[in-house]
Amino acid sequence: MDSITSKILYNEEVAPGYFRIGLEWKGVLVLPGQFVMLRVSDSLDPLLRRPFGIYKVLNPKWVKSAGGYRGSGIELLYSVVGRGTIRLSRRVAGDVAGLLGPIGNGFPVPEQSRNKEQKVIMVAGGVGTVPFYLLADLLGADSALLVGARSKEVLALVKDFRPLKCKVAISTEDGSVGAKGLVTDLLKEEIAKGGPSVVYGCGPLGMLKAVAEVSESLGVDSFVSLERSMACGIGVCLGCAVKGTEHAARPGRPPEYVMVCSDGPVFKSSEVEWSRL
Amino acid sequence: MDSITSKILYNEEVAPGYFRIGLEWKGVLVLPGQFVMLRVSDSLDPLLRRPFGIYKVLNPKWVKSAGGYRGSGIELLYSVVGRGTIRLSRRVAGDVAGLLGPIGNGFPVPEQSRNKEQKVIMVAGGVGTVPFYLLADLLGADSALLVGARSKEVLALVKDFRPLKCKVAISTEDGSVGAKGLVTDLLKEEIAKGGPSVVYGCGPLGMLKAVAEVSESLGVDSFVSLERSMACGIGVCLGCAVKGTEHAARPGRPPEYVMVCSDGPVFKSSEVEWSRL
Amino acid sequence: MKKNDNNKTGNNKAGKGVTKLPSMAVNVAGLKLSNPVMTASGTFGYGLEFAPYLDLSRLGGVVVKGLSPKPRPGNPGPRIVETPCGMLNAIGLQNVGVDAFIEEKLPKLRKVKTRVIANIFGESVADYVLVAKKLDGARGVHAVEINISCPNVKKGGMSFGVNPKEAARVVRAVRKATALPVITKLSPNVSDIAEMARAVEEAGSDVISLINTIPGMVIDIEKRMPVIARGIGGLSGPAIRPIAVRMVNEVYNAVSLPVIGIGGIMNASDAIEFMIAGASAVQVGTASFVDPQAAEKVVDGIADYLVRHKMSAKKLTGSLQK
Amino acid sequence: MKKNDNNKTGNNKAGKGVTKLPSMAVNVAGLKLSNPVMTASGTFGYGLEFAPYLDLSRLGGVVVKGLSPKPRPGNPGPRIVETPCGMLNAIGLQNVGVDAFIEEKLPKLRKVKTRVIANIFGESVADYVLVAKKLDGARGVHAVEINISCPNVKKGGMSFGVNPKEAARVVRAVRKATALPVITKLSPNVSDIAEMARAVEEAGSDVISLINTIPGMVIDIEKRMPVIARGIGGLSGPAIRPIAVRMVNEVYNAVSLPVIGIGGIMNASDAIEFMIAGASAVQVGTASFVDPQAAEKVVDGIADYLVRHKMSAKKLTGSLQK
Ligand SMILES: Cc1cc2nc3c(=O)[nH]c(=O)nc-3n(C[C@H](O)[C@H](O)[C@H](O)COP(=O)(O)OP(=O)(O)OC[C@H]3O[C@@H](n4cnc5c(N)ncnc54)[C@H](O)[C@@H]3O)c2cc1C
Ligand SMILES: Cc1cc2nc3c(=O)[nH]c(=O)nc-3n(C[C@H](O)[C@H](O)[C@H](O)COP(=O)(O)OP(=O)(O)OC[C@H]3O[C@@H](n4cnc5c(N)ncnc54)[C@H](O)[C@@H]3O)c2cc1C
Ligand SMILES: Cc1cc2nc3c(=O)[nH]c(=O)nc-3n(C[C@H](O)[C@H](O)[C@H](O)COP(=O)(O)O)c2cc1C
Ligand SMILES: Cc1cc2nc3c(=O)[nH]c(=O)nc-3n(C[C@H](O)[C@H](O)[C@H](O)COP(=O)(O)O)c2cc1C
Ligand code: FES
Ligand code: FES
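Residue numbers (my numbering), protein chains in the order written: chain B, 1 to 277; chain S, 1 to 277; chain D, 1 to 322; chain C, 1 to 322.
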């Protein structure tokens, strides 16, 4: 993990309210599912950095020994939702921005990723597609991406996945693209197809809960990437705590709570007290 | 006076650290020497608007009855000195910005401005040239602009005055352009040339004091444009107070202090307690 | 206005239930406002200065600059300095004096259809009483707001606002001196704001407003001098809002008087925060400097929220779930 | 360390006069720091977490997360929320407990050449004493900082920090329990900070640090619930800086103990403001979240200033002109 001042390479709207931003970061090593803390402006308001998942690695090279990609920079994909992301969306190429990361554990990259034994089913809600691009690229046909979204914005979110070998299925609330309904319905179908599989989820809390429940009820392990307001991103402010179950016990960790930034953001669903989220 | 949301027409660096910004403002009437309060960003930091003199009127038309120019917008000229002006300098054409004004009394426009009886000697320190462009344009050969600056940046500050009929003299601290020394030396020479004249000053406090002293000692009336930190710009916060002399007494005014925003920014030198500034 | 009249805000006639356009009206212990949005003392002049920028009649009320028995010149400058998300001021309570207010400002204010609240202060209890009495007879004043964050000259300059007994003395005396609703404006500079609130409730205040500014200092590190000539100034603006919301909630829970929320309100959602915390009405302060139309925009934004949530302003007050 | 040892900060040997490189060293009542910049408790973990980002040995000192007799799980989330130019936190003093600190963290910290200040708290005077005693024998701890902004469980949960007598009781007991320099960290949530400072001076504290966070509340207006699960959190960050600078100056004028300034320091000029106001040293808090290198940048910036002004750090302290 490092704290750098990065140069913005590009920052462009890919669909109404969705931007991708490229940030220079020579030699960075990224595990799929990791995130960064980004300073959106040099103003004191908003004060805190904002967490964003790493979407792509620029000029990526898979480093097997490290289980991650090494590259010359990163690309983030973000939706404009509030004060911080509004300001971020106004920044232009050439500007510099404080960048901290890559942070967190990321999704487990199955050892069998190259031998098709276990299928990884990735379930994304909206911009929750972000942590799955690197994985989908890596796993190819051994993986499936199920994306739930409100409406047509989903097309912008899945566009980059189309050229990959990863299977993509879509559901929208209004039925405008893909199946009408919930992404968990797609999940049930996908699990029902059989074969050993593991489920990875990223998106709104309600969706993650449903993903964990569906997976458990069908006897499949699931991992979820959680979101919490964050101040530090490095496990020291203790602000991003969520209640862990006994399965979350790890040596040397503070008792009872786990930190989304330093213990996560990816947790095995059984490690989290869902009722306290 | 009005409070509007104005569109930025252009915002460009004219010399290192100096910018001119064009703001759309249909039908605005400007008296020479007036200023505006401009919101530099929509962040809460910096919180307060910043005061800037009106440099030019876009598509100006002299309205004799009103003693001012009417136009389609205004141009400001500002130097980047701190948190607010740094942010302002990053804004781009098409952005919008809160704009309040035109504020204040402005410099008296001599009634004889069209008959050459009284010469107006304008003394500017650095970016203190701003309130004099409209006056110099109006008064032409009946006026002289004396500019003191640190060094070569003065060239960018006087450039726009060159095509006018107004006489321009320069002094710089390092002697790189014009006379080496203080602008008040130029002032003494100019007054010594004789004929009825009046002195207008705008610039750093030390310079204004010297301008007032020199003028008084040579028996010439002087007016100065003062600067104070401002919160409201409309005379209600009472934050921009300076101590007035008995000459500053005006009916209905709060006792003892005058407000730079609503009673000024231009004061007759004799109205101000210089020792308390 | 009798002391026991102090029920929580009720929007009298209009409160029959929520219809299509939710009621914005609030009745703050007899002070009937068309909506809960006022302006804060010292940030809105004598009201008229804002007529070019907004429609004064669309505001719930206008609180004028603090009035003293005699005109006051105020402090030497610099009087203000910007701070992170806020500002300090040490204006020194410059004002035209209560007589000039009544003679020169009030006649013009009467022509504007809004409620006028006179903020008053003094250096002794007698000062407060004198100003309150003069205003009591003045047509066009709808309530008196007591600023107790002022030095008590007779007690060595210690502020009335940090001592429950001294605060109660002022309130009791003003309560007797006027038939107008009496609002007491609390200073946040105390260990226990609830104790202060109970003291002024006990002393007969009809309404409590809070918070006033918080003392602060900014130093020019090149000159090694305070930026503000008087050294210390009062901090206002969004920086203090979380403190103000917390205190409004504490006071709401501690007393049965209606509460007016003040402190860093920049927009409607900020105002709504205060109402949820327990405020029957709010005052917009520093925001009027940042945007002279701020108060009217807050009115519009609250209306939108109430429509969206199918709620009256009255219902919003104290709707915090724990 | 005896009570009367409490002279204002002196940078011992190096203080012979200003030479080309002004002395950054300060001696805060026996706590010798290579420069006046520490980190604030709760914002720097146990120090080691920051090793990847800055050179810990370049800091004057590191104040670790508050330690209690037993490990504490802390509060349910959400625990933090951003505010204008600041943030609220209600971490609930989660920590590994004093024993785990001494066994697991301290051995690693000893390897880093910096001063380690242990911040301690408890729910009773006995708790504070227990922690202080354990730390007294622990090699690598250079001072103890008492966080008195904690609920006194035996007195109905009222904070030690708002009652001069209760605060003095804690300080007196800790003073007896340890030979280390004792720093008392004051809560800003009081009417009269000078009174609190005098009480802890009287009780034998060697140093006073301030300010801790200011209680505040943020409400989610859609859910009508406080954003922070516990309702109220502590406000920190640049928003509170003017309040903190004012209080540091008041305490500096009220007592003869050295003062450590805390509150919203984001960069060197902010730190210098505190020193001019009277602080012998400073602590960088929330800024370390915004930029993990903040504290080291503050060190660099103070050095630049001292060079430019040909001044030692010691001379800067209390250099405010009025
Ligand atoms: C590990 C992690 C990875 C993330 N990755 C991405 C990503 O790849 N792309 C993306 O668009 N967004 C991502 N997010 C969410 C992103 O951090 C928030 O949308 C952003 O911080 C909002 O900032 P804002 O100032 O615009 O909104 P605010 O004005 O702060 O808030 C707007 C809304 O966003 C919510 N919010 C604010 N901060 C957070 C936060 N830290 N976490 C969750 N919700 C928040 C608020 O509750 C509010 O509803 C991620 C969050 C986490 C914790
Ligand atoms: C009536 C009036 C007209 C002005 N016209 C112009 C103009 O045409 N062009 C121009 O470049 N500048 C002008 N100024 C000065 C301009 O307002 C300040 O330079 C600007 O506000 C600084 O903002 P900042 O945030 O960049 O600096 P800050 O970070 O706020 O401060 C940087 C420095 O500027 C000083 N400063 C801050 N605010 C003010 C203020 N309101 N008045 C004076 N000094 C201040 C500070 O003391 C500090 O030394 C004018 C000021 C006034 C009062
Ligand atoms: C410049 C200024 C002058 C003020 N004058 C007064 C006053 O005369 N009487 C008073 O009770 N409060 C006065 N206040 C306090 C405000 O009414 C208000 O309580 C405080 O500013 C907090 O609200 P805000 O953060 O919205 O500004 C003044 C505030 C400012 C900024
Ligand atoms: C997340 C967080 C946790 C904190 N924990 C402690 C603590 O355990 N003990 C303590 O004395 N102060 C604690 N504080 C207070 C800080 O040490 C400091 O006094 C306060 O944040 C003001 O400084 P700042 O504005 O620079 O952050 C904490 C502050 C924050 C933001
Ligand atoms: S964000 Fe600070 S501990 Fe996770
Ligand atoms: S800036 Fe408010 S009175 Fe002049």
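I should point out that these hints are in silico values taken from the structure, not numbers from a laboratory. Because the structure is a prediction, the values reported are computed rather than measured. There could be a bad hint or two in this list.
Residues of chain D placed beyond 12 angstroms of chain C at every Cβ, according to the derived structure [to be verified]: (1) A126; (2) I193; (3) D220.
Only pairs whose alpha carbons sit at most 20 angstroms apart, straight line, appear in this in silico SDA-like list of lysine to any residue [unchecked claim]: (4) K56/B to E117/B; (5) K223/D to K152/S; (6) K223/C to N267/D; (7) K155/D to K223/C; (8) K297/C to D2/S; (9) K297/D to D2/S; (10) K223/C to I102/D.
Glycine included, every Cβ here is placed at the ideal spot set by N, Cα and C.
Verification of the supplied hints:
Every Cβ of chain C is farther than 12 angstroms from the Cβ of A126/D; the closest lies at roughly 25 angstroms, confirming the non-interface assignment. Not every Cβ of chain C is farther than 12 angstroms from the Cβ of I193/D; the closest lies at roughly 10 angstroms, contradicting the non-interface assignment. Residue-level check failed: D220/D sits 9 angstroms from the nearest beta carbon of chain C, not beyond 12 angstroms. Using a Cα cut-off of 20 angstroms, the hinted pair K56/B and E117/B is violated, with the two alpha carbons roughly 26 angstroms apart.
The suggested pairing of K223/D with K152/S is violated, with an alpha-carbon distance near 28 angstroms, which exceeds 20 angstroms. Using a Cα cut-off of 20 angstroms, the hinted pair K223/C and N267/D holds, with the two alpha carbons roughly 18 angstroms apart. Restraint check: the Cα-Cα separation between K155/D and K223/C comes to about 47 angstroms, which exceeds 20 angstroms; the hinted pair is violated. The hinted pair formed by K297/C and D2/S fails the criterion: a straight-line CA distance of about 44 angstroms is larger than 20 angstroms.
A threshold of 20 angstroms between alpha carbons decides the hint, and for K297/D with D2/S the separation of about 16 angstroms falls inside it, so the pair holds. Under the criterion of a C-alpha separation no larger than 20 angstroms, the hint pairing K223/C with I102/D is inconsistent with the structure, at around 45 angstroms.
In the structure shown, a violation is registered for the earlier hints numbered 2, 3, 4, 5, 7, 8 and 10, in ascending order.
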